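Asks: As a plain string of letters, each chain reads:
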Amino acid sequence: MSEEKERQKPRISRRQFLTYTLAGTAGFLGSTMLYPMVRFAVDPMLKKGAASEFVDVAAVDEITTTPKSFQVNVKVVDGWYKPEEGQTLTAWVMKQDNGEILALSPICKHLGCTVTWEGSPEHSNEFFCFCHNGRYTKEGINVPGTPPNAPLDEYETKIENGRLLLGPIKKRGV
Amino acid sequence: MEKKQDGNEKKVHYVGDSRVRRDGKKLQPKDYSEFPGKTDPFFPNYLLKEWMVAAVFLVGFMALVLTQAPPLGDLADPTNTDFLPVPDWYFLFLYQLLKFEWAAGKFVVIGTLVIPGIVFTALLLAPWLDRSPERRPTRRPIASGLMILALIAITALTWTAQDEYKKNLAERGGGQEGGEDVELVAEDDPGYEIYKANQTCLSCHGEQLQGGAAGPSLLGVGGRLSAEEIENVINNGRGAMPAGAFQGTEEEKQKLIEWLAKQK
Amino acid sequence: MIRKMYDWLDQRLDITPIWRDVADHEVPEHVNPAHHFSAFIYCFGGLTFFVIVIQFLSGMFLSLYYVPDIKHAHASVEYLQNEIAFGSIVRGMHHWGASVAIVMLFLHTLRVFFTGAYKHPREFNWVVGMLLFFVVLGLGFTGYLLPWDNKAYFATKVGIEIAASVPFVGEHIATFLQGGDMVGATTLTRFFALHVFFLPGALLALLGAHFILIRRQGISGPL
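Chains as they are written, first to last, in our numbering: chain A, 1 to 174; chain B, 1 to 264; chain C, 1 to 223.
Since the hints were made in silico from the structure, they are not lab data. Small disclaimer: the values here were computed from a predicted structure and weren't measured. All C-beta atoms in this analysis are idealised placements derived from N, C-alpha and C, irrespective of residue type, glycine included. It is possible that some hints are incorrect.
[Claimed, not checked] In silico negatives: residues of chain B with every beta carbon more than 10 Å from chain A:
{"#": "1", "residue": "M62"}
{"#": "2", "residue": "L84"}
{"#": "3", "residue": "L94"}
{"#": "4", "residue": "L129"}
{"#": "5", "residue": "S144"}
{"#": "6", "residue": "M147"}
{"#": "7", "residue": "D163"}
{"#": "8", "residue": "L169"}
{"#": "9", "residue": "E187"}
{"#": "10", "residue": "C204"}
{"#": "11", "residue": "L225"}
{"#": "12", "residue": "E229"}
{"#": "13", "residue": "K253"}
[As the list claims (entries may be wrong)] With a straight-line cut-off of 35 Å between C-alpha atoms, the simulated DSBU-like cross-links for lysine-lysine are:
{"#": "14", "chain 1": "B", "residue 1": "K99", "chain 2": "A", "residue 2": "K47"}
{"#": "15", "chain 1": "B", "residue 1": "K167", "chain 2": "A", "residue 2": "K171"}
{"#": "16", "chain 1": "A", "residue 1": "K68", "chain 2": "A", "residue 2": "K158"}
{"#": "17", "chain 1": "B", "residue 1": "K196", "chain 2": "C", "residue 2": "K157"}
{"#": "18", "chain 1": "C", "residue 1": "K157", "chain 2": "A", "residue 2": "K138"}
{"#": "19", "chain 1": "B", "residue 1": "K99", "chain 2": "C", "residue 2": "K157"}
{"#": "20", "chain 1": "B", "residue 1": "K253", "chain 2": "A", "residue 2": "K138"}
{"#": "21", "chain 1": "C", "residue 1": "K71", "chain 2": "B", "residue 2": "K99"}
{"#": "22", "chain 1": "B", "residue 1": "K264", "chain 2": "B", "residue 2": "K253"}
Here chain A stands alone, though its shape is the one from the complex (with noise of 0.2 Å):
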């Protein structure tokens, strides 16, 4: 019968079944054991840069058109290490034209000296570095010709309650 002759010649043999079965249960093995302990490993790369938190800074009425500088104390997350002090930072925090407010990262982009506000009594109006007289616009952006070759750094900025919150620090397109 055409039913027997099916059985007797099996399109595989017992034993390419066997090997078949075995490396699926190799696999499944395999698989289960290393599955947890992979996405257990790569955690870091998945997880979502810890969000820094927003820090209050001052009352939003002290910010003036003049960029004035502030204390800034941001919280380090590294690993089960919550440092309570944190890590002082400071910023230029001013009022923009448009009433948005804009605050600076200090560091200089040229090799990472502290700008300041007016620095130079012949550059009125601008930050200025003193390191090489690298020179930024009040807006923060790179005067061309001197050192800096980037816009400064800039904090990302909210308002709650009349309170200014500063964020991490972003850089910003040329």
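We have chain A; now place chains B and C onto it with these hints.
Replies: Relative to chain A, chains B and C alone:
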């Protein structure tokens, strides 16, 4: 794969003392039994000789260990912006490669990926790139030449990196380690008032001389430099510090130098 | 007595052929420094293995005192080096051994290259050797951070920045190596795990393959 179930295998010829079969048309390395000479059994004759070499080596190694204490720097301080980073010596050549203009900035991929990638892939695949049966280095000039070139390049890069590092270190006054233990002294000196009044100094070296993002710590500077040397640095600059950074009268400058020289 | 114990074991496990194969194979004259002094270049491989044994042992003993945590790593290294008898020697063996291992590995690789010993039929053993080279460099890179001093911290930071400059995946590699978004507590534990478990495991497996292949294929003939 052959199965050895029939029990009467053909007589197999191996290459040398190996388990590689001689038959087949591929060219085999010369079999050393074809050369006149003595062989030693591995155990104990040869192993003894090898361990003698190991003993000489170990004496030298322990002499190094006993005379050179392993270095341990200060506790890592992420806020220390003054530290000159340097990798361990065997990575120096890679590090130096990134200082070339064509391997930095926009082209950093060339330095970090393309060149090391090509070199290491070539090294990994050397047996398939250099397929001639010749083994003597003089008879395969391309392979030997490329390797010698690579060796010269690595040596030169490592040497330059080391040299530049030493120069940079000297430029910073050598205060790479242990600067934090020194305290600010003579705080009521008029020199300190002058220092604090000068934004140029403060913005880099910090209010307490602790250093900052751009300038090194000046704590203990009087121990490293004489008053004349300090004056020279203030007048002519050094490293990232521009010449004529101090903005004040000559008299004030002298007071400042006097005060800095007291920082020991 | 020992003889009897051996016979008892051999009867059950048939261990004689295993060690006989290793012990009785003939070593040719051209690699034997007793016959030709220039044959000392054939010792670099064995010496590399010897240094790696030193690294394994000294590393195991260092871990008796070492703590992989940013708050304690530096203090524990300082303690084991200065307060424990022979501390600076054991740490010195591990520290200098790392450099010496790389020097020896380098010399061994050059010997194999210039004597053309990687050619047919030993291609695959060359590849295994190159992988060993990468693993040892990885051990050097991860081990350098463990004392958590300024040198270690900043060297690692630079190394990770270099890795981060790789296009597309660079940032992911950096995050993976750091175990977070900065070089900190999680980086130290990660490097410790790599240095003490993952890479030595790979090293042992590759070393085993390296030695089995040498025994199977024999030493290449004289030039």
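Asks: To test your reading of the hints: which numbers does this structure violate?
Replies: 10
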